[in-house]
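Asks: Sequence:
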Amino acid sequence: MVCRFSTRLLNICISSFCKVQQLEKAEAVVIDGKRLGYLPDVVTYNTLIAAYCRFVGIDAAYSVLHRMREAGISPDVITYNSLIAGATRYWLLSRCLDLFEEMLQAGILPNVWSYNTLMHCFFKSGRPEEANRIFQDIILNNLSPIQSTFNIMINGLCKAGYTDNALMLFRNLHRHGFLPQIVTYNIVINGLCRLGRLGEARRILKELKESGHVPNVITYTTVMKCCFRSGKFKQGLEIFSEMKNKGYTFDAFAYCTVSSALIKRGMMKEANDCMEEMIRTGIGFDLVSYNTLINLYCKEGKLETALQLLDEIEKVGIEIDEYTHTILVDGLCKSGDIEGAQRHLKHMNMMGFQSNLVAYNCLIQGLCKVGQMDYATKVFEMMELKDSFTYSSMVHNLCKERRFHSASQIMLSCIRSGKKILTSAQRAVLAGLRSSGFRREAKKLRSEIRMAMILNS
DNA sequence: TTAGGGTTAG
248 MVCRFSTRLL NICISSFCKV QQLEKAEAVV IDGKRLGYLP DVVTYNTLIA AYCRFVGIDA
308 AYSVLHRMRE AGISPDVITY NSLIAGATRY WLLSRCLDLF EEMLQAGILP NVWSYNTLMH
368 CFFKSGRPEE ANRIFQDIIL NNLSPIQSTF NIMINGLCKA GYTDNALMLF RNLHRHGFLP
428 QIVTYNIVIN GLCRLGRLGE ARRILKELKE SGHVPNVITY TTVMKCCFRS GKFKQGLEIF
488 SEMKNKGYTF DAFAYCTVSS ALIKRGMMKE ANDCMEEMIR TGIGFDLVSY NTLINLYCKE
548 GKLETALQLL DEIEKVGIEI DEYTHTILVD GLCKSGDIEG AQRHLKHMNM MGFQSNLVAY
608 NCLIQGLCKV GQMDYATKVF EMMELKDSFT YSSMVHNLCK ERRFHSASQI MLSCIRSGKK
668 ILTSAQRAVL AGLRSSGFRR EAKKLRSEIR MAMILNS
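Positions 248 to 704 (the numbering used here) are the ones given, in order, by the first sequence.
Hint data in this document are derived by calculation from the structure and do not stem from the laboratory. C-beta atoms are modelled at their ideal positions from N, C-alpha and C, and glycine is treated no differently. You can take every hint at face value.
Pairwise CB distance ranges (calculated): (1) D558 with E271: 16 to 26 Å; (2) G564 with N412: 34 to 44 Å; (3) R449 with E547: 34 to 44 Å.
No farther apart than 35 Å at their CA atoms in a straight line, the calculated lysine-lysine pairs in the DSBU-like style are these: (4) K667 with K625; (5) K667 with K616; (6) K562 with K593; (7) K479 with K666; (8) K491 with K511; (9) K667 with K691; (10) K491 with K481; (11) K546 with K616; (12) K616 with K593; (13) K549 with K581; (14) K562 with K281; (15) K493 with K516.
Make the full structure from the sequences, and use the hints.
Replies: Spelled out as structure tokens, the structure:
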């Protein structure tokens, strides 16, 4: 009895350290506990696995699983749920599915959280139809959905571009016997803010307050980000200041948001001050904080310092992600080291990063900037996945080189594929054709654009 | 134990 009570205390202590990202201290408690005769149990290992997934990486979490098995403790449904959530965090869909299968093979019955996590994983991997199938299974097969089931669904729908369906589900929550939680409100506000639907977001924020909830740190960060995104820079900074007064700047989120907004506006000194303030406050650095700092160094032209920081991240044991790589590819391009950027992109591909679209867009920009337009065209043609950025960059840069016919072809293929192109890019092509004596072609292009838009609507 | 906020390209 005494031992069980102490192990429970031990686990509470470990959990507290894990929550504030102090994994070394959590491990030290495990060691001390063992020395005193209190052996770690399944809760101890589950807590550590969840923390390693969150703050370090999936491989580190697997080594805890290995230690757990060596200690003769069998993983349970919570262990698997944590690992599946960890794999989701790192975009490893096939690993999620393997883990789910492994759990079934081990005779462990999945609970509603296992399904929730799998649903989240499908959404994150860009497979909303499969996520919806799981959601329907949960509802129709009476697998006792919980509030989180709906939160994950609403969030997934928003992120997958089905914001209006998400809003419908949000409005119909009561039919399933639930009321929106603060989390639900935050999800919907964020979904609307991302689309620039500020008026509706404001209305939901009003509803949140009227329903007796108090906006929390996440509501604040969401609204602040929304201000920066919609050009209301001063208002964003005012929210940051209010957050400080309320004690809502206890983690890295607000600092990273503000620093990045300052970097985008070229306010490097202020961005530096912001990150330094975060360091002074004693907030631990996670991957996003490191990425923000690397971006700051890159934009200041301090490539060496940025690369030194990479070593530091490696020493801490954090696995870098596609953001880190993309920031470096962009930094290398902007410093004129195109070969270095290409090498890095190749390395990124070899590492199996599939979300490399932004990195390729950076390379195209970099090549255009150093006048290698033909090479940029080759890269453009080779790219399997392209977005509005890719097309707009190509069109703008071709126009700069007065290659208006090539620009008009690329612009048309963009519009025909249903993607938007910057209005400024459209104007540049049309004006370029006209000014270089191709008035008839410009007129024809205008009607082709109109036709493509009608066919896509 | 799990869900919501922060980091990249014009």
